[in-house]
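J.: Given these sequences and hints, build the entire structure.
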Amino acid sequence: MNDESQRIPVTTDQDVVRVRQLVRTVAVAVKLSLVDQTKIVTAASELARNTLVYGGGGEVEVVRVHNDRRAGIRIVFADQGPGIVDLDLALTDGYTTGGGLGLGLSGARRLVDEFDIDTGPGKGTTITIVKWCR
Amino acid sequence: MNDESQRIPVTTDQDVVRVRQLVRTVAVAVKLSLVDQTKIVTAASELARNTLVYGGGGEVEVVRVHNDRRAGIRIVFADQGPGIVDLDLALTDGYTTGGGLGLGLSGARRLVDEFDIDTGPGKGTTITIVKWCR
Amino acid sequence: MERVPVLKIGDILLVSIQIDMEDQVALQLQEDLAERIVATGVHGVIIDISALDIVDSFVGRTLATIASVSRVLDAETVVVGMRPAVAITLVELGLSLPGIRTALNVEMGIAMIGTRESTDVLDEGEDEIDHAVTTS
Amino acid sequence: MERVPVLKIGDILLVSIQIDMEDQVALQLQEDLAERIVATGVHGVIIDISALDIVDSFVGRTLATIASVSRVLDAETVVVGMRPAVAITLVELGLSLPGIRTALNVEMGIAMIGTRESTDVLDEGEDEIDHAVTTS
Ligand SMILES: Nc1ncnc2c1ncn2[C@@H]1O[C@H](COP(=O)(O)OP(=O)(O)O)[C@@H](O)[C@H]1O
Ligand SMILES: Nc1ncnc2c1ncn2[C@@H]1O[C@H](COP(=O)(O)OP(=O)(O)O)[C@@H](O)[C@H]1O
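Protein chains in written order, with this note's numbering: chain E, 1 to 134; chain B, 1001 to 1134; chain S, 2001 to 2136; chain L, 3001 to 3136.
FYI, nobody ran anything at the bench for these hints, they're computed from the structure.
Note that beta-carbon positions come from the ideal geometry of N, C-alpha and C, so glycine has one too.
Wrong hints could be hidden among the right ones.
[As the list claims (entries may be wrong)] Not close to chain L: a few residues of chain E, all C-beta gaps over 10 Å, as computed:
hint: 1; residue: G57
hint: 2; residue: N67
hint: 3; residue: V85
hint: 4; residue: G122
[Said to hold, decoys possible] Covered, in the sense of this in silico footprint (three residues per stretch, anywhere, with C-beta under 8 Å from a C-beta of chain E), are these stretches of chain L:
hint: 5; stretch: 3022–3034
hint: 6; stretch: 3053–3059
T.: Rendered as structure tokens:
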């Protein structure tokens, strides 16, 4: 199912830039359309920033995937931070506890094909997104 | 009670178009008003897309029906997908787990005369809608 | 996959949707339009939906996105020719398309976009009148 | 930390973002611009983002803040060169940047600021009419 996987620790602003660059490289390699490349890199940028800002740092894993029909890219954002208490609220457009625009989670979800989130108070946050080639 | 029934498997975007076309043909045949034709075709489009996107594909059955007073059209959307866990939530305007507008289920229900849904985790989803001639 | 043609007429891109679009065709149109706005530098987009006998939430959302994207790219979108039955159904579905400007037909859509541009010209006109007043 | 250069060209500050900015670099640009607007007294700021292959919510918000700050300091900001794929993604992300003026390229951005300046003349013109009225 998955061929290659690369990991980037996320502890500084500069690491968020590295995540964007790695995702872009892999998105080009799996031949996502230009618009889909732009969407997945943007979603990754939002989620990697959250890993840093709210999760207190963590790790991002970028994986080339394929199922029987299509190739794609899967990205996992994992941190051991405080977790998200009210997930429905956090997924609402405009909701932020930080001072952001509150569009990171909700917007990233709109930009990808699959969006899974595993979080809870004290258990950290792991978000997995997938974008498939059309 | 029901005279004719036609089935369309739904596994691609193109099948959703076929559903719209079949429903339109039958709606004209049973002599629904122009506005009611428009409503039933629109509702069918929403539900067939859900069968494809959330149900992982399935089948749509279109039936001409009549009771003692009126003729009408009944459409059944069936899939073996994950089912809907929280139905009340899914029927709320604006609620989506995908990235849609969250108007498919709630909007389709407003557009038809009868709306039945049979779903649950692991048992797939079957939705039946009916529109009667006025 | 079919593709909806985009025509350039003067300072306007004109799209006349004549087919029952698959979702992918609608998304492709959205991308094509964004690219053509940037490539041509037009300030107006007219989408003629008079041939559509339904607009569901997917197409409705695509029209709204096209309108927002063109706004971000400094062009204005007007959707023209919506059938009455489609308008009724859209509203009942829950989509009132607040961000979308509409007009009855292509001519009125062109006039609407023209109005916006002549407003610019008008401002300059007023300028000159004021100068005349001040200098008199 | 890298820094995005700000050029003064006539009555305009021109910023061409050529790098994938860390968040801190974007914030620094925001500060630099506010300082340069005050120091130079220019009335226009053009930010060329044609080299950016994404604009996320942080950069989008920074652009919106720059536009608001410069408005408060009596300068107008025009963001130019947004790529079509970036425009589509921004809108889908939920950011339609309502407070930001956009144009296709630097030339059109300059023209846009020029247009506004003739509107300014209008304001000043009205000012003078008022004076005339009061003194009469
Ligand atoms: N990795 C995370 N760990 C803990 N909380 C998070 C995480 N990501 C998001 N959140 C919470 O969800 C809220 C909404 O996030 P988001 O939609 O990205 O908006 P913003 O980043 O603008 O605050 C955040 O303000 C924060 O409270
Ligand atoms: N056939 C289905 N199988 C499983 N879940 C479904 C199905 N149809 C709808 N749902 C769920 O209900 C939610 C609401 O659906 P809907 O109102 O049509 O909005 P949208 O299609 O915009 O998501 C979906 O996001 C999905 O989670």
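J.: Give a verdict on every hint.
T.: Evaluated hints:
1. G57: Consistent with the label, E:G57 stays out of reach of chain L, its closest Cβ about 14 Å off (over 10 Å).
2. N67: E:N67 is indeed farther than 10 Å from all Cβ atoms of chain L, at 24 Å.
3. V85: holds (22 Å)
4. G122: holds (27 Å)
5. 3022–3034: holds (count 3)
6. 3053–3059: Holds: 6 residues of the stretch 3053–3059 of chain L have a Cβ under 8 Å from chain E.
This entry satisfies every hint, going by the numbered hints stated previously.
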